[in-house]
Structures are given as C-alpha cells and as structure tokens.
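Undergrad: Residues per chain, in single letters:
Protein chains: 2
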Amino acid sequence: MKLPRKVSIVEVGPRDGLQNEPIFMSTDLKIDLVNCLIRSGLKRIEATSFVHPRWIPQLKDAEEVIKGVGTGLHTRISALIPNLRGYERARECGVREINLVISASQSHNMKNVNRTIEESLKYFGSIAEAAQRDGVMVRGSVAVSFGCPYEGKVPPDRVYHIASELKNMGCFEIVLADTVGVANPAQVYRLFGEAGRKVSGVGLAAHFHDTRGLGLANVLAAMQAGVTVFDSSIGGMGGCPYAPGAPGNIATEKLVMMLSEMKIETGIDTCKMTACLDMLRSIVGTGKTGGEIFCG
Amino acid sequence: MKLPRKVSIVEVGPRDGLQNEPIFMSTDLKIDLVNCLIRSGLKRIEATSFVHPRWIPQLKDAEEVIKGVGTGLHTRISALIPNLRGYERARECGVREINLVISASQSHNMKNVNRTIEESLKYFGSIAEAAQRDGVMVRGSVAVSFGCPYEGKVPPDRVYHIASELKNMGCFEIVLADTVGVANPAQVYRLFGEAGRKVSGVGLAAHFHDTRGLGLANVLAAMQAGVTVFDSSIGGMGGCPYAPGAPGNIATEKLVMMLSEMKIETGIDTCKMTACLDMLRSIVGTGKTGGEIFCG
Chain F
1477 MKLPRKVSIV
1487 EVGPRDGLQN
1497 EPIFMSTDLK
1507 IDLVNCLIRS
1517 GLKRIEATSF
1527 VHPRWIPQLK
1537 DAEEVIKGVG
1547 TGLHTRISAL
1557 IPNLRGYERA
1567 RECGVREINL
1577 VISASQSHNM
1587 KNVNRTIEES
1597 LKYFGSIAEA
1607 AQRDGVMVRG
1617 SVAVSFGCPY
1627 EGKVPPDRVY
1637 HIASELKNMG
1647 CFEIVLADTV
1657 GVANPAQVYR
1667 LFGEAGRKVS
1677 GVGLAAHFHD
1687 TRGLGLANVL
1697 AAMQAGVTVF
1707 DSSIGGMGGC
1717 PYAPGAPGNI
1727 ATEKLVMMLS
1737 EMKIETGIDT
1747 CKMTACLDML
1757 RSIVGTGKTG
1767 GEIFCG
Chain H
1477 MKLPRKVSIV
1487 EVGPRDGLQN
1497 EPIFMSTDLK
1507 IDLVNCLIRS
1517 GLKRIEATSF
1527 VHPRWIPQLK
1537 DAEEVIKGVG
1547 TGLHTRISAL
1557 IPNLRGYERA
1567 RECGVREINL
1577 VISASQSHNM
1587 KNVNRTIEES
1597 LKYFGSIAEA
1607 AQRDGVMVRG
1617 SVAVSFGCPY
1627 EGKVPPDRVY
1637 HIASELKNMG
1647 CFEIVLADTV
1657 GVANPAQVYR
1667 LFGEAGRKVS
1677 GVGLAAHFHD
1687 TRGLGLANVL
1697 AAMQAGVTVF
1707 DSSIGGMGGC
1717 PYAPGAPGNI
1727 ATEKLVMMLS
1737 EMKIETGIDT
1747 CKMTACLDML
1757 RSIVGTGKTG
1767 GEIFCG
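Chains as they are written, first to last, in my numbering: chain F, 1477 to 1772; chain H, 1477 to 1772.
The set of hints was computed from the structure by calculation and includes no laboratory data.
Please note that the accuracy of each hint is not assured.
Note: identical chains are not told apart, hence a pair may lie in one copy or across any two.
Stated by the list, open to error - Derived DSS-like pairs (lysine-lysine); straight-line CA-CA distance at most 25 angstroms:
| # | residue 1 | residue 2 |
| --- | --- | --- |
| 1 | Lys1519 | Lys1482 |
| 2 | Lys1739 | Lys1629 |
| 3 | Lys1478 | Lys1739 |
| 4 | Lys1482 | Lys1629 |
| 5 | Lys1674 | Lys1478 |
| 6 | Lys1543 | Lys1478 |
Take the sequences, apply the hints, and build the full model.
TA: Structure, rendered in structure tokens:
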C-alpha cells in the first residue's frame, strides 16, 4: 500500500464549518479558536470568507477575524474570495492566500455565484492576475467534483478542464472537493489519479465531507493516488444543507488520529488539539462535534 | 488499487448487535428481522449465541430464534458457541455453522470465558472435532486482534498463532476481529497481508467496529490485502461497553452502499435492506441507527 510519509492539513472549520452553523460565533471566540488551532501545530488555516454579509451573515466579521489573528504568522491564514470586492477587502487586511471556488456543474455554479462556469473562469482570471501582482497566493477549488446535488453525476473531463484553467491562471494548488459528500473511494482514486496525469505541475488537495461516513475511507484512497494535502474541519463542523443532521467536513481530530496511528506525520500536537475541541464544544454544543481524540 | 470484484457480507447484528443492546428484543421480532435480512439477499447471518442466559439475557431465546427462522435455507444461519453445552444446544436445533471465538490477549480471554488462550484452544479443539463429526461448519474468530482494552497492543505473532491453531482444528474461515474498534488502515493492511502469507489455505474475514469512525477505511485497506468477507451489523447496532455512545459494528447498509458505489458486487438488494432498517428503527429507536441508505 503506497502511502505518504507526511501529510499537510488545511483547517477549514472557521470558514466552511462556521458558514454552515446556524449560530453566529462572536468575533472574539473566532479569533480564540483560530489561535488555539495555530497552537496545535496547524500550518494552514482558511479563517473566513470575504463574501457579502447578506449571503453569509455568520462570516460578516471577516476583516476583524483576519486582523485579530494577524497575518505575519508561521501559520498561513487564507480566505475564500467569491468576487473582486471580496478580493479587495482581503488584500486590505493583508491576507496572503486566497481560495477561488468554481463548481464543476453549471447548476451548482449558478446557484452559488450566479455565473456560468466559463464566466467564473474569466472573472477569476482577472482576480488571480491582481493577486499575482500583489504577491498573494491563489488556491483554486473545484466544488462538486464528485457529484452535484442538482445534476447528479459530473463528467470527470469537466473537472480536469476547470483544474487546468485554474492552474493556467496561476493557482499553486488545486482542490478537488466533494462538496456534498457523495464520493466513494474507487472514484476518489480514479479522479485524483487522472487529475495528477492530466493537470501536472501543480499541487492537488482533497476536500471531503463526511455526510455518509465515507470521509476517512476517501482520504485513504486519495493518499494512495498521491494526494498529501487534505482539508478538514475541527469537530467535523458544518453539516450540509442537503443532508440534515449529517456531519460536515471530515473532522480534523479524526483525520489526525487516523494519520498519526498510521505513522504519517502531520506536525500536529493532539493534546493541544483537544483544547480546541473543548473550546468548540463549549460554544456550539456537543451534538455537532462527534469526534473523539486520544491525547498523547 | 487492487480491489475484489465481489464481497461476501456476514450479517452479525442479530448476535453481536443485539447482545450489546440494553433492550430485550422479543423472539418474534428477532425472527422477523432475520427473515427481513434474508429477503434483502444476505447469504450468511450469525443469528444468535448459545451462551448461558445468565451472561447474555438478550439472547436467551437462541433455540426459538433458530427454529423460527429455519436452517434449511439458501442463507446459511450460524451461531456463536462459547462452550460444549452451547454446542449441544445448537446441534439439537440443526445449526449448520458455528463460530468459535478466542481472544488474542490473555486478559480479554480470561474476562470473556475464564480460560487462558491455550485452554480455549484445547477446549475448542474438542468442540471442532465434534462439529466435524456432525457435519457442522466451524468458523474461528480471533477477538481483539488489533488491540485489547486491557493490554493495549497485541503481538501480531500471537494472532497468527491462534489463527493457525484454529485452521488446524478444521475451521473453514478465520476472522480477525477489531472487537473494540482501535484498528487503523495501515495496521489492517499489514496484519491481513501477513496472516494471508502465514496462515495460508484458509479463508480470512474481517470484523470491524466503527467506534472511532475508521470502520470503512479499514474495510478498504482489508480489501486491498485480499480480504473478501466482512462482518457487519444492520443499523450499526451494538455500541461498545468501552466507548459509551459510540457506534457498534460497521453498519451493513453503509458497507453495502460503499461497495455498491465502487461497483463491487454483494448480491444485496438495497431497497429490501431499507425495509430491515425501518423495522429495526421502529424497535430500537432511531438514535442507535445512524446509517442512511439510498434505495436503488
């Protein structure tokens, strides 16, 4: 079984998790949580989204969170950017990495940003250009790469096409995302294997949701296809609007536990991560955070 | 990724699941449940345990369940046997397959049956002999193969030794069981790979608990090590005395879902399985049965 020696984890809970939580977590608590996550050893955190507060009021304090956490850290703090205005807001706070998301299905992209895929690619091209001028790193994500809640199956060639275009506009890394949690391990192995061959010369990362309990099996399959960067969310926060009661992103603490037992390095201190989990539980309640972590 | 074309599922919910449920499910409901599981296409079901009712009152109706379901079916009905008296009871009802369980740690075996491993091997040897004389198939299980709640790590050589002895006494299949749910995919791949080389000429099966959410990742690893027989429990019943609130065995419906999406045959009709899940939910409540199944 071909496995990596080392894996990088991108904590997306403060963005993907909190944007799907019904509560508004106060700005101070968000900053505390991100700082706690930094102390646990995470080197990359997607801390917020510069989306209009009308759409996601939970993240209306994007500027304050970024400024409160600071951007001159050893941990790279990134933010999701849906449009030019969002990019300008992010740049003004000194964000060093942005995440641009395009869906692999037209319906999902229209619902998400009211643009076709081609329109999004063109629009993001100009943001990526500005980012490169400003020295900001750009990460590109392909949402619903493994299946769409509106269209069902998604043609893999469309995923590779979008990934190629994102690479050509200068993204340092492409994320294939199972936004609703419908992927299975065989599909994961195939899609990442092919993507590695067809879109070479760029890092590939995986973003899985654990909606149906297949998240960690998908991680195992992705590692065997050569993936070494994984998004996850502390406490498995987030849920999914299409599956009420279901877990959200794969839980960071479960991912770390699995990798650490498999002797795959993550650089994360599980004891310190327990503190983040305790903090989160005291805020959003225990029901949402099913993950268990074994300290030590 | 080397995967099998076809996998056999051994449903153990009526035994491993129900013995860990706090409720006593009535004999009629148990028979209904087993019959429902048979209709879904399962070819092997461990229906009960012939243990003394003082130890597991939930299964005190072992005879009635076996007689009620019948043993002349296309689906093979098996039962767990802890001792000679249990074997005699099982034989009298016409059970065609028995399951003998030995723990890979002395402490767990003592707690379980108050015998050392060597005493158990000797004792089971005579039961296996009687079974062969009677034309009853014998399955051997090695409990806590991946870790023990009392002793922690379990030396793999002890697992292979017990597996060899079980094979030598005539078992047609050896199950390596993660009784408490501590296995990780790398360990699973290693242990089954080695077991396949060291204990050749006998079928190997995997029995995982989903205590920490790694159950399906472990199935993926085991399949890559050549395993094609998996125990699971409808609704993920069972829990675990060492992890309150945690899920029990891997849920049959989730296992079937994953395999079916990976185009690995199981012979199970997912729509008919939904009926079993509905029946179970109406009896033990929804909290215990987190599994979702997609009909069709």
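Undergrad: For each hint given before, does the structure comply? Return the numbers of the non-compliant ones in rising order.
TA: 6
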